[in-house]
Amino acid sequence: MDSGLKLRVSKYLMGTDIPRNGVIANIYALDPDKSQNSKRNLVIPVGYGARYETVNLEPGNYLVEALLPSGDILSQEAATKEGQFPEVDLQGEHSAHEWHSLHNLLGNVEAGDSYYRSYDRVKEWSSLDVWALRNPPPELRSGTPEGSRAWQSLVKWTAKGSAQAMDDIGPSLEVSLPNDRDGATQVHSFRMGAEHLPKEQLPRWYALAKSVKALQLVSVPAPWFNLDNSHELPVELLVRQSEGGDLEASFSVPDLDLSTALGYMSRGALQAAAHLVDQADAVNMLFLKWTNPLGAAGGAYILLGTQPLTDTRPWHEWVRNLMNHFPWLPDGAIQYAWLQLRQGSSPENRRRAREALIKAFSRGIPYYTLGLQWMIDGLTLLGEDDKEAQRMLRSVQQVTWRADMSQTFTSIGLAR
Amino acid sequence: MHRYLVHQETTGASATHALVIGIGAYPHLIGGSGQLAPSNDGMQQLSSPPISARKFAEWLILSYRNPNQPLGSVALLLSENPQRDFTNPKSNQQIQPENATYDQVDEAIGDWAMRGGQNPDNLLLLYFCGHGIAQGADMALLMSDYGNNPRARLEQALDFRRFRLGMARNLPRRQIYFVDACRANSDTLIEAFGYAGRVPIAPGLESAAEAPVYYATLAGENAFGKPNEVSVFTDALLKGLNGSGSDNSEGDWRVTTSRLKESIDYHVRQAFEAGAKRAQVPPTDDLTTFDIHYLSGEPEVPVFVSCRPESENANAEFVCKAGGVERNRRKPESAQWALPLPAGSYRFAAEFPSGSRAPVEQEVHVRPVYRKVLLEVT
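Chains as they are written, first to last, in this note's numbering: chain B, 21 to 436; chain R, 47 to 424.
Bound conformation, chain B alone:
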């Protein structure tokens, strides 16, 4: 077959094009009796400079559709003839600022017109401050003896409000200057410089955002390592305040394999995320190379959320390794517990799940919001007779009440 289409989503991403593992696309054959030529769940690149994905197709007329992590759907008709590969640029929405662009693709902020409609309603935006916690208080450091006190401290801060939290965390705070800002939004970049550190003992960072009304503690998904060359990538935080001062804190990671997959994941489209990680064999690589434990945890959430768990797969063992090799990462233990509970209610499954959940609890709050959900559900399934599980459940639940469940990475309101 010497014909087809060259596809991409055309969207300016400030040089962070996603050439390899972009967004999900479908191609529908429009000619009568040619529906067998349709292709579904393809992956096409995103960006202005991004390459095109070449798809071989029989000559004919097609409708191309791209499903973006934001929930937006782009479509365009195209035709190809023998010997031709015409370029199809599906036009992404324009964001309000260039520095919103990746977050707009991921669904963290609306596109230009819609954003300005709400932005312009406010004459003068209130102050919005962001600090980094690069050396957090001991109880917020995962995998340390004090780490299990994270829940206790967070329960105290969420109950007593911002003054108590600021008193306790204050000495650790360092002002973070935004890379870009307007009245309602700011972006901040975080990079640990952790290439030289052993993967088994990595530090943990947080960020704290404050508006006139809200104080939000967010877990920074760092260090995030590039799978290709093991270099650490900067992760970007978008902080947004509403007209009333509520806060949202969303991260994007410039990961060629997982960036958009995590966007799909945050809005519950785990199947789309799974197509992306399957496409590049990304999860296998993450597990095999152990280059990027945080990315491997993201991939594990996607697999556990989409694949049948009743039979045994090789990656089930990798989930256990994620729990055992990285004591600073609560998510691995949560995922192992969830895997056991999903596989059935045998005493052995329950015992393994229970041990893993206790381990996860002692490591502190998970990096991923989905970890909070699975922790609560897992501890609930251990039953009301299990007093230790019930005690942990109460703490996790109290923290989760203040969590923003729509975010990929854990974000907890300490005052409202």
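Calculated from the structure, these hints are not laboratory results.
Computed from a prediction, not measured in an experiment: that's the story for all the values here.
C-beta: ideal position from N, C-alpha, C; glycine also.
One thing to keep in mind: the hints can contain errors.
[Stated by the list, open to error] Residues of chain R placed beyond 10 Å of chain B at every Cβ, according to the derived structure:
#: 1; residue: Gly58
#: 2; residue: Asp149
#: 3; residue: Gln150
#: 4; residue: Asp167
#: 5; residue: Tyr340
#: 6; residue: Arg393
#: 7; residue: Glu407
[As the list claims (entries may be wrong)] Restricting the straight-line Cα-Cα distance to at most 30 Å, the calculated cross-link-like pairs of lysine-lysine (DSS-like) are:
#: 8; chain 1: B; residue 1: Lys143; chain 2: R; residue 2: Lys272
#: 9; chain 1: B; residue 1: Lys54; chain 2: R; residue 2: Lys367
#: 10; chain 1: B; residue 1: Lys101; chain 2: R; residue 2: Lys377
#: 11; chain 1: R; residue 1: Lys367; chain 2: B; residue 2: Lys59
#: 12; chain 1: R; residue 1: Lys418; chain 2: R; residue 2: Lys377
#: 13; chain 1: B; residue 1: Lys233; chain 2: B; residue 2: Lys143
#: 14; chain 1: R; residue 1: Lys377; chain 2: R; residue 2: Lys272
#: 15; chain 1: R; residue 1: Lys418; chain 2: B; residue 2: Lys54
#: 16; chain 1: R; residue 1: Lys377; chain 2: B; residue 2: Lys26
#: 17; chain 1: B; residue 1: Lys54; chain 2: B; residue 2: Lys26
[Unchecked claim] With the Cβ distance kept under 8 Å, some of the chain B side facing chain R (calculated, not the full set):
#: 18; residue: Leu83
#: 19; residue: Leu87
#: 20; residue: Ser95
#: 21; residue: Asn155
#: 22; residue: Gly325
#: 23; residue: Arg362
#: 24; residue: Gly364
#: 25; residue: Leu392
#: 26; residue: Ile396
#: 27; residue: Thr400
Model the placement of chain R on the given structure of chain B, informed by the hints.
Below, chain R alone, put in the same frame as chain B:
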């Protein structure tokens, strides 16, 4: 027919059993007929949920088609003021739906779960439209008698998280939940120390069922849209089921769980883009892919027609033709033209009665999820 059922059919081995709950009348919330609950959180009477629930039940009875799990039963509980009959659109039988008090919902859930559990290959559908309060992962669905006991305010609420966890460890292996509740953040759940209501089903010993949950993603009153109309979420759900959420990858048009999500996301996003506030909650939980509904004909696709530039809409008369025959026409208006069309090929035209511009036309193929037609005016 069993209590709570408004429709029942004889099926083969496996079947779909639906439970539909719509609550607009809350006697103990603001504007209600009973004593006002101290824990009312500012919540008021709602007009949309009974309308939305009726529409969904009618759709199931008239349109639902699934050869693997044909419709076996529809149970319906409605709370509205005044209570009105439900007319089964297939049998024309007039039925007075039971009020959705907690005790009655509890009993209806028990019956529904028992019907579903009789065959592991059954499919269970639950639809709830009414008030909800949420805090993090916890969510309480409020039944009509919510607040009638000030000493135990969540006794008339369903703890949805624990309920779903319990159901998912019981048969059948496939269950779908549609939760069209405003999900207002409320300190009521915090003050109740984690108690989010009663749980009518305990976890069984089964491995986890496929049990996707679709939540309305808009917060507060925005979730319901305009008074006395179908809610934003239910409207999106019905559009999805009528075809916007379908695909013909197997030859015939089917609505799958994941395609339905793409469709609902798109349609609800339109409401969000219009300025509604998004709730801080995940819009879908546990989304695995399986078939829900098989269409009997071509899917109905939302189509949006506009001139480019959009300002020319006010001067343009839009025409839609199929097979050379005029099918629809719209007089000049500033807004884009929104119309539902069966999937297929159409010719759209913008004509300018004043002669200010040359007419333009374009051949367009329409298929789900939606189609935007931009007519370039020169």
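Quick rundown of the hints versus the structure:
1. Gly58: Holds: least Cβ distance 25 Å, greater than 10 Å.
2. Asp149: Per Cβ check, Asp149 (chain R) is outside 10 Å of chain B; nearest 23 Å; holds.
3. Gln150: holds (26 Å)
4. Asp167: Holds, since 16 Å exceeds 10 Å.
5. Tyr340: holds (16 Å)
6. Arg393: holds (13 Å)
7. Glu407: The claim stands: Glu407 (chain R) keeps its Cβ more than 10 Å from every Cβ of chain B (closest is about 15 Å).
8. B:Lys143 <-> R:Lys272: It holds: about 28 Å lies between the C-alpha atoms, which stays within 30 Å.
9. B:Lys54 <-> R:Lys367: holds (23 Å)
10. B:Lys101 <-> R:Lys377: Answer violated: Lys101 (chain B) to Lys377 (chain R) is near 39 Å, above 30 Å.
11. R:Lys367 <-> B:Lys59: Cα-Cα ~29 Å, so holds.
12. R:Lys418 <-> R:Lys377: Status holds; Cα separation ~19 Å.
13. B:Lys233 <-> B:Lys143: Roughly 18 Å between the alpha carbons, so the hint for Lys233 (chain B) and Lys143 (chain B) holds.
14. R:Lys377 <-> R:Lys272: Holds. Lys377 (chain R) to Lys272 (chain R) sits at ~25 Å (cutoff 30 Å).
15. R:Lys418 <-> B:Lys54: holds (23 Å)
16. R:Lys377 <-> B:Lys26: With a Cα-Cα distance of about 39 Å, the restraint between Lys377 (chain R) and Lys26 (chain B) is violated, given a limit of 30 Å.
17. B:Lys54 <-> B:Lys26: With Cα atoms ~20 Å apart, Lys54 (chain B) and Lys26 (chain B) stay inside 30 Å; holds.
18. Leu83: holds (6 Å)
19. Leu87: holds (6 Å)
20. Ser95: Result: holds, 7 Å to nearest chain R Cβ.
21. Asn155: Violated, because the Cβ-Cβ distance from Asn155 (chain B) to chain R comes to roughly 28 Å (cut-off 8 Å).
22. Gly325: holds (7 Å)
23. Arg362: This interface hint holds because 5 Å falls under the 8 Å limit.
24. Gly364: holds (5 Å)
25. Leu392: Given a least distance of 7 Å, the restraint on Leu392 (chain B) holds.
26. Ile396: For Ile396 (chain B), the interface hint holds, since the closest Cβ of chain R sits about 5 Å away, which is under 8 Å.
27. Thr400: holds (6 Å)
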